[in-house]
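Q: Okay, here's what each chain looks like letter by letter:
There are 2 protein chains.
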Amino acid sequence: MNIAVAQSGGPTCAINASLLGVFKQALKTPEIDAVFGSINGIEGIINDKLVDLKLIIKNTDDMELLKQTPSTVLGSCRYKLPEPNSNDEVYDIILNCFEKHRIQAFFYIGGNDSMDTVAKLSAFFKSRNKDIKVIGIPKTIDNDLPETDHTPGFGSAAKYVAATVQEIIRDSSVYSNDSVTIVEIMGRHAGWLTASTCVLRANDELAPHLIYLPECEFSAEKFIEDVRIQQAKHKAVIVAISEGVEIPDADGSYQSGAVDVFGHKYLSGIGKVLENLVRDKIGCKVRSIELNVMQRCSSHISSKTDLDEAELIGAKGVEAALQGKSGETMVFKRILDKPYVITVDSADATLIANHEKFFPKEWINAECNNVSDKAVDYFLPLIQGEVNIAMKNGMPVHFKI
Amino acid sequence: MNIAVAQSGGPTCAINASLLGVFKQALKTPEIDAVFGSINGIEGIINDKLVDLKLIIKNTDDMELLKQTPSTVLGSCRYKLPEPNSNDEVYDIILNCFEKHRIQAFFYIGGNDSMDTVAKLSAFFKSRNKDIKVIGIPKTIDNDLPETDHTPGFGSAAKYVAATVQEIIRDSSVYSNDSVTIVEIMGRHAGWLTASTCVLRANDELAPHLIYLPECEFSAEKFIEDVRIQQAKHKAVIVAISEGVEIPDADGSYQSGAVDVFGHKYLSGIGKVLENLVRDKIGCKVRSIELNVMQRCSSHISSKTDLDEAELIGAKGVEAALQGKSGETMVFKRILDKPYVITVDSADATLIANHEKFFPKEWINAECNNVSDKAVDYFLPLIQGEVNIAMKNGMPVHFKI
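Protein chains in written order, with the working numbering: chain A, 32 to 432; chain B, 32 to 432.
Where hints are given, some of them may not hold.
Heads up, the list lumps identical chains together, so a pair's fine if it works in one copy or across two of them.
Unchecked claim - Below, in silico cross-link-like pairs of lysine-lysine (BS3-like), each with a Cα-Cα straight-line distance of 25 Å or less:
1) Lys388 - Lys356
2) Lys111 - Lys131
3) Lys316 - Lys431
4) Lys264 - Lys431
5) Lys316 - Lys80
6) Lys335 - Lys423
7) Lys405 - Lys369
8) Lys80 - Lys266
9) Lys316 - Lys111
10) Lys55 - Lys364
11) Lys111 - Lys266
12) Lys356 - Lys161
13) Lys253 - Lys316
14) Lys431 - Lys89
15) Lys264 - Lys80
16) Lys369 - Lys423
17) Lys431 - Lys266
18) Lys405 - Lys423
19) Lys80 - Lys431
Honestly, the hints are just simulated from the structure, not real lab data.
Using the sequences plus the hints, can you model the full thing?
A: Here it is, written out as structure tokens:
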């Protein structure tokens with residue numbers, strides 16, 4: 032039998048590690064012949080753009096480089112399959128591609144949108160009595176997938192964010208006058224990555240002094256009050272805020288969205304809005320910083336735990352398909368925080384597709400401006416370990432097709 | 032004799048390494064007794080806020096940590112001394128502090144503003160026939176100081192920028208549709224740090240495809256034309272632009288500066304302005320990224336060459352003072368690119384104070400949208416070598432007072 036693997040959704044530092052996991056496990060499995068990589072996610076299957084991964088990943092050096100290269104070496108897509116009843120044409124195209132290349136198992140590395148593809152494709156193949164297994168391998172820096180303790184890619188993002196916020200703390204503390212520094216962190220509607228800045232407590236940092244997550248209602252007035260209280264204690268106040276925090280309509284005048292000189296309204300991030308608010312209401316030195324895509328691609332400071340787990344869960348996906356599973360997404364179950372122990376299991380992909388898992392309310396303080404030490408225990412194991420990054424000319428080396 | 036050292040201006044990854052260089056050289060010098068650290072630059076001298084560095088940097092572990100900690104462990108300031116004739120009061124306060132603590136040499140680590148302090152203080156002491164030496168130790172990520180081949184702090188910033196832009200290249204190349212990614216890079220009026228992204232050529236990267244520096248006149252129309260030409264060749268076009276690039280008045284409608292919902296005009300960076308321009312004129316997927324303060328504080332990916340040189344130039348500063356020099360700034364002279372050889376010398380601080388050194392016009396292409404391979408040869412040695420960063424709980428450890 033042959034198998035195919037594809038990568039989908041937004042980049043992370045660990046997606047290529049999961050690809051490697053699938054590939055290496057396939058090499059170890061006598062039943063598997065060719066391992067095809069589909070270019071640009073499911074679009075590669077639809078357009079019959081497949082590559083033979085054995086011709087691309089040729090030796091252990093390639094494997095090591097692939098594992099530490101950020102983003103998706105096979106490209107990605109944001110393609111959403113239609114409902115199976117409404118339009119079967121694309122499903123037939125996919126089936127033709129699979130049959131033409133004798134592909135009997137398909138591994139889709141992605142987030143909750145991609146798990147929708149896993150669920151639909153698996154259901155379609157079953158409805159046609161085709162023995163093609165479809166397995167989802169989770170990934171997202173947002174950590175917002177249900178059923179799994181955490182998602183591959185999140186640990187590396189959290190490690191980058193922690194290291195960077197710590198450096199921003201040093202940077203912002205140099206002058207003798209008061210300042211406020213607002214760091215805007217990714218995560219869509221879930222506060223996991225922003226909350227993960229609490230790990231800095233383990234290294235005796237008091238900052239971030241304020242942490243705001245989309246799981247709580249936000250009030251601009253309360254925010255200014257919170258900042259003032261922190262300013263009484265700290266010269267340089269550090270705020271971590273999730274990109275998903277919305278200012279309620281009642282505070283309409285503080286709405287995000289600036290107007291550029293062309294008169295176009297554009298969505299300015301929440302960080303910039305709060306920066307202007309602090310300047311307006313408090314008047315001290317203030318700066319907002321967007322960690323932007325660096326959060327999802329800074330592989331030079333990846334978490335070794337994250338990359339190793341991403342590889343493992345890819346390998347386990349191949350095992351699951353060989354055991355006859357389909358329409359399942361691989362998940363982590365946490366057995367223990369200290370010492371950190373996880374196992375890999377699988378769950379029905381429909382439980383993950385299009386669903387979001389939010390940061391637990393019980394780990395947020397009553398003031399809704401910080402998180403508890405329970406969160407530190409949860410996050411810390413995920414950022415442990417450093418990857419021995421290959422360097423050339425003073426820069427990391429990336430694997431490229 | 033006692034000596035004092037202070038740190039001034041914007042943070043870099045290498046200022047603490049220069050502090051360490053001064054401190055270690057002082058320990059080796061029998062004539063020197065106490066080594067005072069002045070808190071918040073020259074303000075610490077004025078306010079008599081000094082610390083005994085021997086009580087703070089206690090062993091080799093402290094030294095190693097100090098060297099790899101970003102920003103300024105003694106704090107910083109933006110204080111500018113008045114002209115010596117207009118107001119001698121503050122000079123007398125400084126003199127009193129020096130005499131009270133028997134300080135006979137002062138080392139000021141900073142940029143071109145700080146070298147103004149070095150020149151003025153030195154002239155003042157000479158005018159009063161006081162035997163107090165004042166030596167400048169250069170630092171700035173902008174690399175814009177005259178008389179020196181390059182500045183400590185620049186190499187680490189360039190290494191961070193190169194690694195990060197390479198990761199952004201991977202991140203931006205995942206989808207099958209066209210995109211433009213604009214990376215805004217620091218450097219004030221000088222294009223050095225933006226130009227340094229050309230080092231990626233050494234690792235076979237074609238991007239950034241366009242590099243814009245403040246040393247050239249910028250035209251919004253030409254920019255859009257340049258992007259279109261690159262789009263014919265590359266799906267994901269990467270642009271590096273210096274924060275100092277200004278859109279000329281003739282293109283008034285493209286001026287930076289957005290209006291927020293309060294109606295306040297605020298300076299939006301050039302990256303955001305060009306992002307809106309591309310969206311407006313080309314209409315493809317476009318993103319702008321500000322590397323922000325991470326450029327100057329990301330010590331987790333410091334250049335070993337940079338930190339070692341920063342330590343060396345601090346030590347050489349102490350030697351220069353002992354040799355009787357004053358009113359001088361320490362500088363690097365480059366002997367050779369390959370193999371890279373430098374020596375340390377000194378230059379009259381007035382030649383550096385308040386002056387800027389710009390990126391050489393002869394290294395900019397005729398189109399004013401890229402730089403030549405001569406620049407690669409200049410930049411590459413500065414980013415070589417990795418620092419063995421001390422980690423705890425998965426995060427770098429910083430030295431704190």
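Q: Give a verdict on every hint.
A: Here is what the structure says about each hint:
1. When the C-alpha separation of lysine 388 and lysine 356 is checked against a cutoff of 25 Å, the pair qualifies only within one copy, where the shortest distance is 24 Å, while the shortest distance between copies is 65 Å.
2. In this assembly of identical chains, the alpha carbons of lysine 111 and lysine 131 lie at most 25 Å apart only when taken from the same copy (23 Å versus 75 Å across copies).
3. For the identical chains of this complex, lysine 316 and lysine 431 are inter-copy neighbours only, at 23 Å across copies versus 43 Å inside a copy, given an alpha-carbon limit of 25 Å.
4. With identical chains, the CA atoms of lysine 264 and lysine 431 are at most 25 Å apart between copies only, with a shortest distance of 18 Å across copies and 49 Å within one.
5. Taking the shortest alpha-carbon separations for lysine 316 and lysine 80, only the inter-copy value of 23 Å comes in at or below 25 Å, while the best intra-copy value is 53 Å.
6. Taking the shortest alpha-carbon separations for lysine 335 and lysine 423, both the intra-copy value of 20 Å and the inter-copy value of 14 Å come in at or below 25 Å.
7. In the homo-oligomer, the alpha carbons of lysine 405 and lysine 369 lie at most 25 Å apart inside one protomer (12 Å), although the nearest pairing across protomers, at 53 Å, exceeds that limit.
8. Proximity of lysine 80 to lysine 266 under the C-alpha cut-off of 25 Å is restricted to the inter-copy arrangement: shortest distance 17 Å between copies versus 57 Å within a copy.
9. Only between protomers do lysine 316 and lysine 111 lie at most 25 Å apart by alpha-carbon distance; the minimum there is 19 Å, versus 45 Å within a single protomer.
10. With identical chains, the CA atoms of lysine 55 and lysine 364 are at most 25 Å apart within one copy only, with a shortest distance of 23 Å there and 51 Å across copies.
11. For the identical chains of this complex, lysine 111 and lysine 266 are inter-copy neighbours only, at 22 Å across copies versus 49 Å inside a copy, given an alpha-carbon limit of 25 Å.
12. Taking the shortest alpha-carbon separations for lysine 356 and lysine 161, only the intra-copy value of 13 Å comes in at or below 25 Å, while the best inter-copy value is 85 Å.
13. For the homomeric pair lysine 253 and lysine 316, the shortest alpha-carbon distance inside one copy (20 Å) is at most 25 Å, but the shortest distance between copies (36 Å) is not.
14. For a Cα distance limit of 25 Å, the shortest separation of lysine 431 from lysine 89 inside one copy, 12 Å, qualifies, whereas the shortest one across copies, 47 Å, does not.
15. For the homomeric pair lysine 264 and lysine 80, the shortest alpha-carbon distance between copies (21 Å) is at most 25 Å, but the shortest distance inside one copy (59 Å) is not.
16. Within a single copy, lysine 369 and lysine 423 get their C-alpha atoms only as close as 37 Å, which misses the 25 Å cut-off; across copies the closest is 16 Å, which meets it.
17. Proximity of lysine 431 and lysine 266 under a CA criterion of 25 Å is satisfied inter-copy only: 16 Å between copies versus 46 Å inside one chain copy.
18. Within a single copy, lysine 405 and lysine 423 get their C-alpha atoms only as close as 41 Å, which misses the 25 Å cut-off; across copies the closest is 19 Å, which meets it.
19. Only within a single protomer do lysine 80 and lysine 431 lie at most 25 Å apart by alpha-carbon distance; the minimum there is 17 Å, versus 54 Å between protomers.
The structure agrees with every numbered hint stated previously.
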